[in-house]
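A.B. asks: Here are the chains, one letter per residue:
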Amino acid sequence: MKIKALLLLLGISACHLIGYAQKKEFKFGKITPEEFQIKASGKDSAAAAIKIFDVGNCYFEISPSSGGFVYVYERHIRYKVLNKNGYDLANYKIGLYKGSNSAKEDLYGMDAATYNMVDGKMVTSKLNRDAKFTEEFNKKYTYKKFALPNVKEGSILEFKYTIKSDFIFNLRGWSFQSDIPTLYTEYNVKIPQYLTYKTNFSGYLSVNRTKHESVNATYVNGLNSTATYDQYVLENVPALKDEAYITTLDDYRPMLDFELQGTQFPSEPYKDYNGNWTKIISGLVEDENFGQFVNKNSYAKSVLPTILKGEKDTLAVTKLIFDYIKNNVKWNDEHSIYASGTNPKTVFEKKSGNSADINLSLISLLKEAKINAYAVLISTRDNGAHPGFPVISKFNNVVACVIINNKNVLIDATDKDLQLGMISYDNLNHQGFLMDLSTTKGSWIPIEPTFTNEKNFNYVLALDKENKLTGKIIQYSKGYAALNLRDKYRTTNNETEFLKNYKKDKPGLELSNYKIDNLDNLDEMLTESMDVVIEDNVEEAGNLVYFTPLLFERTKENMFKHEERLFPVDFAYPIKENYRITVTFPEEYEVEKLPKGGIFKLPDNKGVFSIQFLGEGKTLMVKSTIDITKSFYTPEDYFDLKELFKSIVQKQAEQIVFKKKAE
Amino acid sequence: MRKLIFLTFLAVINSYSYAQTTYDAAKIPENLTKDAIAVVRNEEQFFDYKSIGSGQVDYKVAITILSKAGDDYAEMAEPYDKFSSIYNIKATLYDATGKKVKEYKSSDVKDQSLISDYSIFEDNRIKLLKFYSTAYPYTIEYSYSQDFKGILSMPSWRAIKGYNISTEKSVYTIQKNPTLALKFLTSKNLKTDSTKVGDKTQYKWSTTNTPAIESEPLSIGLENSVDWVKVSPTQFEYDNTTGNFDTWKNFGAWISKLNENANVLPPATKTQIQSLIKDAKTPKEKMRILYNHLQQNTRYVSVQLGIGGFKPILAEKVAQVNYGDCKALSNYMKALLNEAGIKSNLIVIGNGMPGLNPNYSSMGQANHMILCVPLEKDTTFLECTSQYSPMGFIGYDNSDRNVLMITEDGGKLVHTPIYNAKDNYQVRKTKINFKEDGTADIDIKSAYGNAQFEDNMRMLLIEPVEQRKRINETNGIPGAELISFKFNQADKALPIMTEEINFKSNQLLTQGGDKAFLTLNLINRKESVPAKIENRKTYFAVSFSYQDDDEISYTLPKGYAVEFLPKDITLTSEFGTYTAKFITKDNTITYTRTQTMTAKKFPPEKYNEFVDFNKKIYQADKQKAVLTKTL
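Order-wise, the sequence lines are chains G and P. Counting in UniProt numbering, the first sequence runs from 1 upward without gaps. Counting in UniProt numbering, the second sequence runs from 1 upward without gaps.
Please keep in mind that the hints were generated in silico from the structure rather than gathered at the bench. Hints may be right or wrong, so weigh each one.
Over the 10 Å line for every Cβ pair with chain G, so calculated as not near, a few chain P residues [claimed, not checked]: (1) 155; (2) 161; (3) 193; (4) 387; (5) 414.
Label pairs and their computed distance ranges (CB to CB) [to be verified]: (6) 130/G x 261/P: 47 to 55 Å; (7) 528/P x 128/G: 48 to 56 Å; (8) 520/G x 169/P: 27 to 35 Å; (9) 420/P x 590/G: 51 to 59 Å; (10) 132/G x 458/P: 27 to 35 Å; (11) 520/G x 420/P: 33 to 41 Å; (12) 119/P x 436/G: 46 to 54 Å; (13) 494/P x 132/G: 38 to 46 Å.
The beta carbon of each residue, even a glycine, is placed where N, CA and C say it ideally should be.
Put together the whole structure using the sequences plus the hints.
C.D. replies: In structure tokens form, the structure reads like this:
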């Protein structure tokens, strides 16, 4: 919720591109000479192309075949190609969906053309018949593809087409910003009086609703009716550019989405589809791929006795069931809120499934074991932030939740290395919708990670007169760092290969007796230890000997490299890094002067870096701690983070200098 | 008797249970699990060459996946098209002991389009099935049959499927009718079994217990290290054409025939060409004008359907739509040149592939088409799909290889230009001025040629905002603040670009007590050294020869004196040469560095020497000057 509020607060006004007098008349093939003069300006002055306009209409009609409502989606786009990088816009692709029954989407007509100014005259090149292709991607998706002829720098491209769709639960939405600048974009939506839709705005720019009125609309001959006509407009929209450490660029792109709320047909009672959360939850409870799936308990009944062996304790039972699922079903890398089948039994037979197959099976088994398990709906980071109000189609994933010691414990069984209470990086999108399937009650819960991404490095080394360092490295990985390391270790061909990769960016390191402890024991700390000999890192210059004590773990570059930041920095989890090195050095060496330590803090305890250099006799110790305490920072915080990392890079690079005693 | 029956009964059970445990992972010989993430337990491929235009493959494979790293091998992904249908798919999953876990249904197999990412449309499709198991090891097994209508090439075979996968047993058999001819090329030591079965001939190649090979850096491939066979028909029928692969000459004749009459330009284009070149004096000048015309007016659009994968769309058509794939655009350029009275030849080339084998002509050795313009004094090769390539520059993925020139008399092998180290240059002059407070102004001027131009030319094509981002992300200079930058290609017809970048930084000097350290090679350091490999198996080479020349002149901050300066270094090896020189005078230091590398292919046993050479460069590159405060 927090994030959502922030998005609205920070709504940025679109900066002005070139003054293109918009007549708001969009007729196919009617190009004004001024349109050939359009240039990009300001920040986007080197843009590959400009969207002159992008106008969409969405309205309803009665399908002659089914007799029910279908929606019509018309789109009309005109581009000006500014340079060769914009040529790809001349290839247009439309995706169409087919349901398992007869429901489908069809493309009705595609008008497209390229316009060039040749010797002061406009030359039109229409889309050729043989430049239209149909790719049957699979049973469900078909792509229509088009390639325009005679595209040059300065060409104007135009596409106009109509789609009719039987899938009226979600209407085609509208994106008001793209990776090239847009001069004018407009979406017109006419919703029949019989239907109600929820409209969801998202993004960093606010969109203007320029019309909101009731219009006459006749769907059935002889029956007068009305429709609600809404028009949304945005002008002079700059190009949208990607930034690092964000959830998905779509969270910042101004967009409109629609989901059916209810229907009110003449002489029929109002039918509420998803008007409120209770309705959504009860819909899911009755769904054969959700609630009914969870209720099928034949498989649970048959395996629980052997899984539990009489165990009663809530935590222990939860763990046993969790492990059982993880060991028997493999995730097929697909997120879904719906199971692909209607019974957990089929999931265990298949040995694989999507996230709902797995986590709803988990809930089913927990339920059979008399443990109150909740389903938590999530919109993953890639899928973008959920608007917060009752919309089901924005969710794309489901995990389980049990309450242990009065605390919500989230469970996700899609990865063997996830511990109880830990959900994968994809899911760390700040909020989830928790549902009690038995009472059909639900509420938003924060899903900030209880685990950090933490690494501890411990080097104990002895320096000899040949400037070789010999000793031991022990590394501990916690939370998401452990999850990532386990994954890396398992997906690497073998340990030799793994160590080869480990050594790759550590020139001079030779290691032996590598040991990784608790690889499979998720409850214990993942620990690596090794004996090492390090050459090439301590250098000599005349009678001076020097080295960087952070050795291989120093932060060499600032990860915040850019001078500007528009969007928040979203790491998903807090990050912690502790480094400690103890070095004993030869009798003949004297430490000239140790570097100064320091503590660098972000305001409001949002992060801290500290470094200490200590020496006593022929031993010195250096400690460095980086603590990024939040998973989410505002765009303003970006500059503080950048400064903090600047200090980290600088202080961690400082050298320890020995002077050799004259012999 | 009773006892005997009992024994027989036991024997049956034994053989039965043996059949069930053939995929027992515990039975895999140890030498096959070394360095392996998966093991091909058994592979049988049978190709029945029935007639000149038809054949059938029966394929069966069982692979044991040893660890999570091997999961990518747990799938069936078999492409087909309208000339080759796949049927009779069977698939089974076994556990570690070889016990059957699951049999897949045909509804589990997905059918999808398969279109290369550079194409807008192709008619290829794929049958896909992914196997899942939470426990390791596990074994997958699948089989299918495939019918071919029209045969341009036949399956090839290799003793191992790739890196990190071993083979317990694999057999490839080709059976042919007596009236048919085929040819094959094998690796040095592979034995061919040839037998008569009735009136048919069978050729058989096989391997047992071939251990895995680890993926090795800079490897030029497995070809020199494992057994393989390539098979090709000599005559063929495909999508209503016929031809033969007896020689490259004949192959070329087929391509030539496909291009027959494809070279006609519409009158309007002819007029346009004539007016474009009317003032041009030399053929070279005409070529430059026409190549520029091509680059300004056409774009790359790839559509590959059946014979359209080999036959270009007509020049007449390209003139009308101004797009096409490599064949269409090369053929169109040929027509433009022809109109200007300049003869040119289409070139069939393996982009990023080894050159064509002079002794074995077949499909599958090329993937691209360019154009060759043999003028009196010099020969120019034109890459016709790029809107940016300087004329005559074909890039390192096309250079230095055998290619097929298409002439009226058929094909002729020729060799593309070689770009040597001196052509692929990077020359960089850097000035660094320290101010009193330790802040430095950094001024870098670089020039890139040929292959190094190619590696950097993207910077010329992106928006300034993106250029700025990229410089900030990749410069590697501590504390760098970007002040200004400029990229330029002075002559669009030459593969040369310049770059000027200015930074500010207050982090060039690292402190250590009361000394300051300065890494003299600020921007062209070798940052890491590849690991040595015991028993390397594959040949290696860097991707292109090159030469880097760097000069950095430092003006030191006031109040600092040079306490220590590294010694000059010269390294020479068969892989290349390297020098670094350090000179100090008054309050300046001048650092010069040269590095020349050759792209020659080296045998595996040379690799550790190559590593040593690189290690010495690494050590030389990170040397620091030590400065002391004098005030």
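A.B. asks: What hints, given by number in increasing order, does this structure fail?
C.D. replies: 4, 6, 11
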